Each structure stands twice: as structure tokens, then as C-alpha cells.
Amino acid sequence: NAGVMQNPRHLVRRRGQEARLRCSPMKGHSHVYWYRQLPEEGLKFMVYLQKENIIDESGMPKERFSAEFPKEGPSILRIQQVVRGDSAAYFCASGQSNTGELFFGEGSRLTVL
Amino acid sequence: AQSVTQPDIHITVSEGASLELRCNYSYGATPYLFWYVQSPGQGLQLLLKYFSGDTLVQGIKGFEAEFKRSQSSFNLRKPSVHWSDAAEYFCAVGALEYGNKLVFGAGTILRVKS
Numbered sequence: 047n048a049g050v051m052q053n054p055r056h057l058v059r060r061r062g063q064e065a066r067l068r069c070s071p072m073k074g075h076s077h078v079y080w081y082r083q084l085p086e087e088g089l090k091f092m093v094y095l096q097k098e099n100i101i102d103e104s105g106m107p108k109e110r111f112s113a114e115f116p117k118e119g120p121s122i123l124r125i126q127q128v129v130r131g132d133s134a135a136y137f138c139a140s141g142q143s144n145t146g147e148l149f150f151g152e153g154s155r156l157t158v159l
Numbered sequence: 048a049q050s051v052t053q054p055d056i057h058i059t060v061s062e063g064a065s066l067e068l069r070c071n072y073s074y075g076a077t078p079y080l081f082w083y084v085q086s087p088g089q090g091l092q093l094l095l096k097y098f099s100g101d102t103l104v105q106g107i108k109g110f111e112a113e114f115k116r117s118q119s120s121f122n123l124r125k126p127s128v129h130w131s132d133a134a135e136y137f138c139a140v141g142a143l144e145y146g147n148k149l150v151f152g153a154g155t156i157l158r159v160k161s
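In order, the protein sequence lines correspond to chains A and B.
Positions in the first sequence are counted from 1; adding 46 to them yields our numbering.
Positions in the second sequence are counted from 1; adding 47 to them yields our numbering.
By construction, these hints were calculated from the structure, which means they are not laboratory data.
These numbers come from a predicted model, not from an experiment.
A few of these clues could be false.
Claimed, not checked - Taking lysine-lysine pairs in the DSS-like style, the calculated list, with each CA pair at most 30 Å apart, reads:
hint	chain 1	residue 1	chain 2	residue 2
1	B	K108	A	K90
2	A	K97	B	K96
3	B	K148	B	K96
4	A	K97	A	K108
5	B	K96	B	K160
6	B	K108	A	K73
Claimed, not checked - Covered by chain A, according to a simulated footprint, are these stretches of chain B (three or more residues, beta-carbon under 8 Å):
hint	region
7	90-99
8	147-155
Even for Gly, the Cβ is constructed at its ideal location relative to N, Cα and C.
Bound-form chain A, shown alone (with noise of 0.2 Å):
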């Protein structure tokens, strides 16, 4: 049973550019969390999504951050029109319900030069 997938794992952009990072969840998981961590931080909870909805992106910035996780395929984290201040690695967890364990992918780490 393969974990939680996150792709690409590394990834470049220059300002003003856009950020897609994408995360395949476990087998029969359907709820996907993202969070961030930044330089030397810990890490912070963005959205909670379910198929074909979000439920809770209390921690998303306002702009230029979206996120969705369609019916079919990946759940995906788009930022447009990326500033410096976006390099972090981005987390994706998901779990089989919105209570107990969540298992983590190893992250999609972002550079913006």
C-alpha cells in the first residue's frame, strides 16, 4: 500500500511564476490535508480538503493560493504568481476520516529565485 505521494519533490520557480504541487493520498484515504513549513519552522496547517471540496482553508492566504482535490486524480496546491517569501516545503497528510492518525508524504520543496 504506497504512501502518500507528492510530486515533484523539489521544485524552482522564479517570481511571478506558478507553483502546482500535487498529492496522490493513501489507498482509501478521501481527506487531504497541506500544510507549510518554512526556514527553520514548524509546520502550519493551510487547507483540509474532501473529494470535490474544501472544508477548512482557515489557513490559507487570501491570495494567489488555491487548492483542490477533484473526483478524479491528485489533490492540488496552486500558487500563482510566486514571491520569494513562498519558498517552503509544502506537506500533504491524509487520513481515512477527520479524526485520528494522518500520514504524511515527504514534501514538495519550493524555491523562488
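Given chain A, work out where chain B should sit, using these hints.
The following block gives chain B in isolation, referenced to the frame of chain A:
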């Protein structure tokens, strides 16, 4: 507001010595508590978790943690550290009321001297 405090940013211990990493939380609901470990450039691996019941929890790799409600603490311990334990350790708290919207501490970096 929910918060998790890991007072020690860095800890260095000798291989074979005992280890205790501190975690204190402030949470407005009955907490679920977790310890995760992260090696450089890697994702997070769950070491152990507390949901309810016995307040002394055993995890993987010889780690244990004790939930002390009166002190709002969930400290991680290991009786004898191995060089491979060098990593960053994160304490996290969640609650049934907030689902899996976990709040993480800032982490403690463990260095192991041989």
C-alpha cells in the same frame, strides 16, 4: 488559541545517554497528542500518539511519551539514544472538535555525539 511549545530548539546528547524532549500545549478541547520525527530533506514519520487511556504511550524506535494533563505536557523520552536518532522532532496537538487540523510546535533538533 491553540499552541504548542517546544522550549528547546537544539539538544545535544551523547550516544547511549537518555533523552527527554519537552512539549507543552495550550488547547481548548480534549487533546490528541503526537510526536513526529523528520530527518533532513525527508517527510514526517509518526513516532507515537496519544488519544485516550494509558497516559504512558509507547512508540516506534524505543521512544515513549507521557501525557500529563495537570502540566499540559507530553514529553518524549528514550532511555538510550542512538546516532541514528539525530533528527528534528515535532510535537503536535489536535482534537476531535477540530479534526485533523493539527497544531505543531516549532521543533527540537537533536544532535547525537559519539
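So which of the earlier hints does this model not fit?
-> Violated hints: none; all satisfied.
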